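2 protein chains.
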Amino acid sequence: MTVFELGNDAIIVDTGIMFPANDMLGVDYIIPDFRYLVERKDLKIHGILYTHGHEDHTGAVAHVVEQLRGVPIYATPLTAGLLEVKLRDARLLNETKIHVFQSGDKLSVGPFKVESFHMCHSIPDCVGFGIHTPYGVIVHSGDYKFDNTPVDGKQPDYARLAQFSKAGVLLLMADSTNADRPGWTPSEAVIDHAFDQVFREASGRIIVATFASLISRIQQVANAAQKYGRKLAIAGHSMTENVKMARNLGILNIPDNLLVDLNRISSIEPHKLVVMITGAQGEPSAVLARIATGQHRMLEVERDDTIVLSSHPIPGNEEMVYRTINRLFQRGANVIYDPVMPVHVSGHCSQEEMKLLLHLVKPKYFVPVHGELRHLKAHAKLAVESGVSQDQVFVVENGTVLEVDKYGMRITERIPGGYVFVDGSGVGDIGPAVMRDREILARDGFLIVTVDIDKKTGAILNEPEILSRGFIYLRDADDLIQQVKRTVHEVLANKNLNGRRREKLQESISRILYNETKRRPMVFSVINER
Amino acid sequence: MTVFELGNDAIIVDTGIMFPANDMLGVDYIIPDFRYLVERKDLKIHGILYTHGHEDHTGAVAHVVEQLRGVPIYATPLTAGLLEVKLRDARLLNETKIHVFQSGDKLSVGPFKVESFHMCHSIPDCVGFGIHTPYGVIVHSGDYKFDNTPVDGKQPDYARLAQFSKAGVLLLMADSTNADRPGWTPSEAVIDHAFDQVFREASGRIIVATFASLISRIQQVANAAQKYGRKLAIAGHSMTENVKMARNLGILNIPDNLLVDLNRISSIEPHKLVVMITGAQGEPSAVLARIATGQHRMLEVERDDTIVLSSHPIPGNEEMVYRTINRLFQRGANVIYDPVMPVHVSGHCSQEEMKLLLHLVKPKYFVPVHGELRHLKAHAKLAVESGVSQDQVFVVENGTVLEVDKYGMRITERIPGGYVFVDGSGVGDIGPAVMRDREILARDGFLIVTVDIDKKTGAILNEPEILSRGFIYLRDADDLIQQVKRTVHEVLANKNLNGRRREKLQESISRILYNETKRRPMVFSVINER
Chain A
1 MTVFELGNDA IIVDTGIMFP ANDMLGVDYI IPDFRYLVER KDLKIHGILY
51 THGHEDHTGA VAHVVEQLRG VPIYATPLTA GLLEVKLRDA RLLNETKIHV
101 FQSGDKLSVG PFKVESFHMC HSIPDCVGFG IHTPYGVIVH SGDYKFDNTP
151 VDGKQPDYAR LAQFSKAGVL LLMADSTNAD RPGWTPSEAV IDHAFDQVFR
201 EASGRIIVAT FASLISRIQQ VANAAQKYGR KLAIAGHSMT ENVKMARNLG
251 ILNIPDNLLV DLNRISSIEP HKLVVMITGA QGEPSAVLAR IATGQHRMLE
301 VERDDTIVLS SHPIPGNEEM VYRTINRLFQ RGANVIYDPV MPVHVSGHCS
351 QEEMKLLLHL VKPKYFVPVH GELRHLKAHA KLAVESGVSQ DQVFVVENGT
401 VLEVDKYGMR ITERIPGGYV FVDGSGVGDI GPAVMRDREI LARDGFLIVT
451 VDIDKKTGAI LNEPEILSRG FIYLRDADDL IQQVKRTVHE VLANKNLNGR
501 RREKLQESIS RILYNETKRR PMVFSVINER
Chain B
531 MTVFELGNDA IIVDTGIMFP ANDMLGVDYI IPDFRYLVER KDLKIHGILY
581 THGHEDHTGA VAHVVEQLRG VPIYATPLTA GLLEVKLRDA RLLNETKIHV
631 FQSGDKLSVG PFKVESFHMC HSIPDCVGFG IHTPYGVIVH SGDYKFDNTP
681 VDGKQPDYAR LAQFSKAGVL LLMADSTNAD RPGWTPSEAV IDHAFDQVFR
731 EASGRIIVAT FASLISRIQQ VANAAQKYGR KLAIAGHSMT ENVKMARNLG
781 ILNIPDNLLV DLNRISSIEP HKLVVMITGA QGEPSAVLAR IATGQHRMLE
831 VERDDTIVLS SHPIPGNEEM VYRTINRLFQ RGANVIYDPV MPVHVSGHCS
881 QEEMKLLLHL VKPKYFVPVH GELRHLKAHA KLAVESGVSQ DQVFVVENGT
931 VLEVDKYGMR ITERIPGGYV FVDGSGVGDI GPAVMRDREI LARDGFLIVT
981 VDIDKKTGAI LNEPEILSRG FIYLRDADDL IQQVKRTVHE VLANKNLNGR
1031 RREKLQESIS RILYNETKRR PMVFSVINER
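Keeping their order, the protein sequence lines are chains A and B. All residue numbers for the first sequence refer to our numbering, where the first residue is 1 and numbers rise by one. All residue numbers for the second sequence refer to our numbering, where the first residue is 531 and numbers rise by one.
Honestly, the hints are just simulated from the structure, not real lab data. Keep in mind that a hint or two might mislead.
Residues from chain B that face chain A, not an exhaustive set, calculated with beta carbons under 10 Å [to be verified]:
{"id": "1", "residue": "Arg-711"}
{"id": "2", "residue": "Gly-947"}
{"id": "3", "residue": "Val-950"}
{"id": "4", "residue": "Gly-961"}
{"id": "5", "residue": "Asp-967"}
{"id": "6", "residue": "Leu-971"}
FRET-style restraints, in silico, Cβ to Cβ [to be verified]:
{"id": "7", "chain 1": "B", "residue 1": "Ala-689", "chain 2": "A", "residue 2": "Glu-302", "range": "42 to 48 Å"}
{"id": "8", "chain 1": "B", "residue 1": "Gly-698", "chain 2": "A", "residue 2": "Leu-258", "range": "53 to 59 Å"}
{"id": "9", "chain 1": "B", "residue 1": "Leu-536", "chain 2": "A", "residue 2": "Glu-465", "range": "51 to 57 Å"}
{"id": "10", "chain 1": "B", "residue 1": "Pro-845", "chain 2": "A", "residue 2": "Arg-40", "range": "42 to 48 Å"}
{"id": "11", "chain 1": "A", "residue 1": "Gln-67", "chain 2": "B", "residue 2": "Tyr-1044", "range": "23 to 29 Å"}
{"id": "12", "chain 1": "A", "residue 1": "Gln-155", "chain 2": "B", "residue 2": "Gln-922", "range": "29 to 35 Å"}
{"id": "13", "chain 1": "A", "residue 1": "Pro-315", "chain 2": "B", "residue 2": "Arg-618", "range": "35 to 41 Å"}
{"id": "14", "chain 1": "A", "residue 1": "Gly-431", "chain 2": "B", "residue 2": "Glu-943", "range": "49 to 55 Å"}
{"id": "15", "chain 1": "B", "residue 1": "Pro-845", "chain 2": "A", "residue 2": "Arg-410", "range": "41 to 47 Å"}
{"id": "16", "chain 1": "A", "residue 1": "Gln-155", "chain 2": "B", "residue 2": "Gln-756", "range": "50 to 56 Å"}
Quick caveat: nothing in here was measured; it's all calculated off a predicted structure. Just so you know, even glycine gets a beta-carbon here, dropped at the ideal spot from N, CA and C.
Next up, chain A with everything else stripped away, as it sits in the complex (with noise of 0.2 Å):
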């Protein structure tokens, strides 16, 4: 999410949404933190602009359109398909107008000249914009990669991008995600090569697993079937959406007699058909996990299924990943995933097309965007590398605001810039103190000891009750059970305690549970005075 802003009118490009890392309990996403937008009630935010419709760029429109009701939307066909599914599921479809435009056009948005430019990607209808400012041409790549040989034919857009240059780069805002990895990412077309081996070799049923958005990739499993003569089902519900939607949109080039249904599917013979599924990144609740389980109502796993992850995992999934590909081949089938054959290439650029696009649009300052820092700093070296000057290189985090006048560009102010946190239906109630708790429950659980005592005598009136879950097992820790509640004992018996009673009976009993199994559970007690 990237906000332009020129005096009090402002344009904002994408509301991504990232997942959360392994060690974000029960996390489900993370949303920008976009508190600034809402405070700054002076300024007038005329739309917002997309790029592409992956869920890192869209993900948080609903959130951003609840809190900037009426701010309208700018998107191309597919994007805006996309962004509509997602404004209806929130119920928030008619607090914004949605404006299509087609990749190449020119908005005005409030006092803001865009124009937008094709780009490649994993995703048709992808473009970058050039945002024109008094200063220069401020130009955002979106995600791309340099495909001379697209699935659906469309080029970048090579010419606008030297057409910017003429006029004069301000600044180059460009996507980083791979600029460690040197060279010039493959084309979209080598995977038509691995996929012609697949269906040639394959006896059986073959089924692939890919992203649901990943429309090209379909397109290019949908030929393949063709050429094969099998027949195409899809599973999983955001891919049979998608489908019907790119489709539709024409985008999607399947003819109907190609597509059967996957409840029709038993009717045919293994070696005339190809399913294509969701879960490639191995989430438990998409089709690919669930058949690697077994738990999949209408697909289950057969001896002689050729499997395909057309994927590669994203940082953090490799576990998952791994561990369904070998369910898979528990299962019998034969699993197919990069580096055994060729069946993915990324959707991003390497750093020789980074460099070509340096050299295509000579910007004055560059600001690497959409990367880790160590994708940043990687970038920013190429961009010194390519001719931009060090010093008008700014490597910056969320939250970092950059000003530019007629003396050139800097950093300025810090708004808040971090992640917000969603959990069910909490948008930023998960603080540091739950997430911490969160950890140590998860590590080694809890323990509760329940006493009551004679308000009077201080004596204990009964056995001591103890609750625990996620510790250790209780029936088995009887010798441990009688620690504790000898431990209580001890601890009550001391009738100087006064107000630290509680406390006490807390620490020596996380003390004896620690010196017995080497573990810390959370230890609380509760005692009830009668």
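Fit chain B to the supplied structure of chain A, relying on the hints for placement.
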């Protein structure tokens, strides 16, 4: 861990540990289930033979020696040194005898004739074993790659491998870790070139992080330090100990005057210093992660530091490793890691080396070992492509018993072969129930309501008390707390619940919490009758 039996005699090869996956909450490490060996009282175990000193081959030694006291150990000098440290720490050094042998030695272990042969890997002093049986030799490769320019100059023992094939090899068991990688794993020597460049270009200190046991990498860095006139300091307990031992054994060749103590490095000019540290997998308690978060007592990142991560993330560690790299960049260091430069290569063979081993040894039967199921399957495919008959290749999982006699080899029974979780001092006491509880607690925490009621009338005697952790920040959740309290009153007003009061209360509270937050914490209720 593999057991070879001949009648009532047996030997064990390796006793490793596994590291827990990210979702094995609170587990410290995993040991093999060797109940079978403890229970087979009739079996005479003559020795444990080790291929090399890595944790995934030695880590469970203390657990095994504790259960099988008196069984002697056989290992090469470096491996023996590493085992001794472990056994001393566990106060079990007197419970076994360590026989040290040199690679190439022939061993008599009970009735077993075993020939050791040198193999290359990422630690010196690695061997494989040729175990003689009445039906031919069983060749166990250990972990290996065919490195023709190893750091210590000791090539793999090709001749011995070829000799086995002449005598007739019954079975080859071989390392499958990289079975999905085409080609040939680069030699450790390629790293020298990358280090040369790093040392030539670095203007300040150089810090190299790698595995504590990667002795040959330590040698390479020491060589570069000498060449470029830098002193070498070592940080991290395990690496310091390993360096000391390997120097004593003559395996590591570092002159005294090259070394400098870590607490004296401030007296050395930055461009005259290199520090080797542990923690290249991002482990929070190791040196690299501590300097990345500014928590190391003696080492602080400086702006001009060049930090090299000489390792690849083990699957599952990617997030931690990349987060550590980002933090080091944030502190101003220049961080170098693969793919930025080839500062690490795998210690395991790729497909062409696997084929070479198959052709050198020419086994009748083949069992791929050491790898996930996907690797074993890929290795099996290579074996068939290399001429082993399809029905003489067995892909087996832990706990499978293979039997061989004059009629050939076959899979017979399954014995317990699962994972045994070690958590704190507990071995195997964390089962699926405790793990499931930890998962729920990690995701949504818990909430406990305690209420006192009148034994006779059932009337609520005091305000219900609420204790919760990991669910929501209670101080900001007044409304929710009030709703829970109202629910307690409503449920307990129903006098017809009898024994189901507690259960009903928990259900109702869970429902309220889910409706309001879309989260599902564990809910408990304690009803005290007075």
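Checking against the hints above, which ones are violated?
Violated hints (numbers, rising): 2, 3 and 12; every other hint is consistent with the structure.
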